[in-house]
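Going down the list, the protein sequences come from chains A and B. For the first sequence, position 227 matches number 227 in our numbering, and the numbering has no gaps at all. For the second sequence, position 109 matches number 109 in our numbering, and the numbering has no gaps at all.
Errors might be hidden in some of the hints.
[Said to hold, decoys possible] Computed cross-link-like contacts, DSS-like style, restricted to lysine-lysine with a CA-CA straight-line distance of at most 30 angstroms:
| hint | chain 1 | residue 1 | chain 2 | residue 2 |
| --- | --- | --- | --- | --- |
| 1 | B | K185 | A | K108 |
| 2 | B | K185 | A | K129 |
| 3 | B | K185 | A | K110 |
| 4 | A | K186 | B | K185 |
| 5 | A | K108 | A | K24 |
[To be verified] Quick look at which bits of chain B chain A covers, simulated, 3 or more residues with Cβ under 8 angstroms:
| hint | segment |
| --- | --- |
| 6 | 158-172 |
| 7 | 182-195 |
[As the list claims (entries may be wrong)] So, partial list: chain A residues that the calculated Cβ filter (under 10 angstroms) puts toward chain B:
| hint | residue |
| --- | --- |
| 8 | K51 |
| 9 | I80 |
| 10 | L88 |
| 11 | L157 |
To be clear, the hints were calculated from the coordinates, so they are not data collected in a lab. Just so we're clear, the structure is a prediction, and the values are computed from it rather than from any experiment. All residues carry an ideal CB built from backbone N, CA and C; glycine is no exception.
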Amino acid sequence: MSKIHIEGLNKTYASSHGRVTALKEVSLSIKQNEFVTLVGPSGCGKSTLLKLIGALIRPSRGTLLFDGVPLLRPTRDVGIVFQDAVLLEWRTVLDNVLLPTEILGLDKVKSRNRAMDLINLVGLGGFEKRFPRELSGGMQQRVSLCRALIHNPSVLLMDEPFAALDAMTREELGFELMRIWDTDKKTVIFVTHNITEAVLLADRVVAMTPRPGRIARVVDIDLARPRTIDMEFTQKFKSYSGEIREVIYRSPGASRS
Amino acid sequence: MTAEPNAATLLQDDEPLEPADSTFKATLGATMTLIALTIVWEFLVRQFQVPAWLLPSPSLIGQSMVEWRSELVGHSMVTLYETLVGFALAIAISIPLAVAVVYSPLLQNTIYPILLALQSMPKVAIAPLLALWIGFGTLPKIVVVFLVCFFPIIVATASGLAAVPAPLMDLIRSLSASSLQTFVKIRFPTAMPHIFVGLKIAITFAVIGAVIGEFVGSESGLGYLILVSTSQSRTPLAFGALVLLTIMSIVLYYGIALLERIMVPWAPRN
Numbered sequence: 001m002s003k004i005h006i007e008g009l010n011k012t013y014a015s016s017h018g019r020v021t022a023l024k025e026v027s028l029s030i031k032q033n034e035f036v037t038l039v040g041p042s043g044c045g046k047s048t049l050l051k052l053i054g055a056l057i058r059p060s061r062g063t064l065l066f067d068g069v070p071l072l073r074p075t076r077d078v079g080i081v082f083q084d085a086v087l088l089e090w091r092t093v094l095d096n097v098l099l100p101t102e103i104l105g106l107d108k109v110k111s112r113n114r115a116m117d118l119i120n121l122v123g124l125g126g127f128e129k130r131f132p133r134e135l136s137g138g139m140q141q142r143v144s145l146c147r148a149l150i151h152n153p154s155v156l157l158m159d160e161p162f163a164a165l166d167a168m169t170r171e172e173l174g175f176e177l178m179r180i181w182d183t184d185k186k187t188v189i190f191v192t193h194n195i196t197e198a199v200l201l202a203d204r205v206v207a208m209t210p211r212p213g214r215i216a217r218v219v220d221i222d223l224a225r226p227r228t229i230d231m232e233f234t235q236k237f238k239s240y241s242g243e244i245r246e247v248i249y250r251s252p253g254a255s256r257s
Numbered sequence: 001m002t003a004e005p006n007a008a009t010l011l012q013d014d015e016p017l018e019p020a021d022s023t024f025k026a027t028l029g030a031t032m033t034l035i036a037l038t039i040v041w042e043f044l045v046r047q048f049q050v051p052a053w054l055l056p057s058p059s060l061i062g063q064s065m066v067e068w069r070s071e072l073v074g075h076s077m078v079t080l081y082e083t084l085v086g087f088a089l090a091i092a093i094s095i096p097l098a099v100a101v102v103y104s105p106l107l108q109n110t111i112y113p114i115l116l117a118l119q120s121m122p123k124v125a126i127a128p129l130l131a132l133w134i135g136f137g138t139l140p141k142i143v144v145v146f147l148v149c150f151f152p153i154i155v156a157t158a159s160g161l162a163a164v165p166a167p168l169m170d171l172i173r174s175l176s177a178s179s180l181q182t183f184v185k186i187r188f189p190t191a192m193p194h195i196f197v198g199l200k201i202a203i204t205f206a207v208i209g210a211v212i213g214e215f216v217g218s219e220s221g222l223g224y225l226i227l228v229s230t231s232q233s234r235t236p237l238a239f240g241a242l243v244l245l246t247i248m249s250i251v252l253y254y255g256i257a258l259l260e261r262i263m264v265p266w267a268p269r270n
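Input sequences plus hints: build the corresponding full structure.
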């Protein structure tokens, strides 16, 4: 059974220019502990798809099964990381990480221990009493990752989580995410508009195209794990990213800027 | 404020553009300028023998302040009382009302637009009516203060409560947080810096409101004292009252700013 099963999913919005189709006939099955990246230009509906999987918005039509059950409301089995860390400025790193456990009413002592483990895992040990404004963008995003993992969800949704960071930090965090994923397996759905990032991280890349947002191709990435930076320069890697670039830019809806 | 010595040092390292002594330098500069201007004022008044009823010299103002100190203190207390009670009343009413407006689409579409429209009405112009309706005691002054403070606080609070970033609201919703949890843990703390912006605007208006109330009709307060002493050509005393009003305004403003530093240490400072 797939972890997440999507079939014939449609999402339309009412806008001032009439109805806008954000997603059209999207079907996708995601296996347990799979690392899937959604890649495509803006307007291709990748973030909309992620929000649908998080049950933050409702589909206009179609099926969305989570563990084989129709997903009607948000589930606590999901952790979310956004492009902005959106940490609470009045809370320390530790208290920011603990926020979901307070809302879910989880055991305080256990949560605290787990939070400290996670903070150490992402390399922020010793920073747990610091406030967000004292941290760099990369460090803030690490805290936001800990916050997404604190209640041990089986699915991690990431909406362009490294897009606001500089290229070096971005790469560093990508490898760190894979290291964490390796030790504590989860189903990860990762939205990006960076093709290299999409290929480097994923088991499968879902290439999407805009107007209307739909899946153009799903590419299996057959590269060994753990992934390394050198892989980017292999022929195989280049052919994957070439294929995805081709699919995205060839589409009739794609802008040719 | 010194509970986090490590954090404080780190912050300084991170902000090389804002040297620690910049506020000190600014304060020193402003003080020196003020002293210089006062000396120039004193000199010009003496040099051109300006009559005291027209423009008293700083030294004469000081003299009359000492001479009339008990009256000045008494009237100051009245104005301070009106200001603080009106201000507190505005906080007590507009913050809960802002919460209600943010949470109730009905209020948002009915009362709130009217409140915003009423904001453009010059509250000062109501002061004579208030005197007509509730007389010449301290109550009408408190009401004027309340009215001028009410709008900045409710607008700041309402916009602050609505200022939670959309992704954060998504995160909270994904955890199925209750409305109360969302309010206590997210919305209200997010609104706090905004509320203090409103409070700082309101407290400056508050003193003005009290004085206006006193101008319209009263037997006490610094506004009354200015009115009476001007009409009797005791200009130095009017200036003395003005000095005290200014000091009161500044002290109240910095009192709020200090409270902000304590209650909202994460707020941006400038």
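Right, here's what the structure says about each hint:
With a C-alpha separation of about 16 angstroms, the suggested pairing of K185 (chain B) with K108 (chain A) holds against the 30 angstroms cut-off. Distance restraint check for K185 (chain B) and K129 (chain A): the Cα-Cα separation of roughly 18 angstroms lies within the 30 angstroms cut-off, and the hinted pair is therefore satisfied. Note on K185 (chain B) and K110 (chain A): the hinted pairing holds, with a Cα-Cα distance of about 21 angstroms set against a maximum of 30 angstroms. This hinted pair checks out: K186 (chain A) and K185 (chain B) have alpha carbons roughly 28 angstroms apart, not beyond 30 angstroms.
Between K108 (chain A) and K24 (chain A) the CA atoms are separated by roughly 44 angstroms; this puts the pair beyond 30 angstroms, and the hint is violated. Using a Cβ-Cβ cut-off of 8 angstroms, 6 residues of the segment 158-172 of chain B lie near chain A, which meets the minimum of three, so the contact claim holds. Residue count for the segment 182-195 of chain B with a Cβ under 8 angstroms from a Cβ of chain A: 4. That meets the three needed, and the coverage hint holds. The criterion of a C-beta within 10 angstroms of any C-beta in chain B is met by K51 (chain A), whose closest approach is roughly 7 angstroms, and the hint holds.
Look at I80 (chain A): its Cβ gets to within about 5 angstroms of chain B, closer than 10 angstroms, so that hint holds up. Using the Cβ-Cβ criterion of 10 angstroms, the hint placing L88 (chain A) at the interface with chain B is satisfied: the shortest such distance is roughly 7 angstroms. For L157 (chain A), the suggested interface contact is upheld, since its CB lies about 8 angstroms from the closest CB of chain B, less than 10 angstroms.
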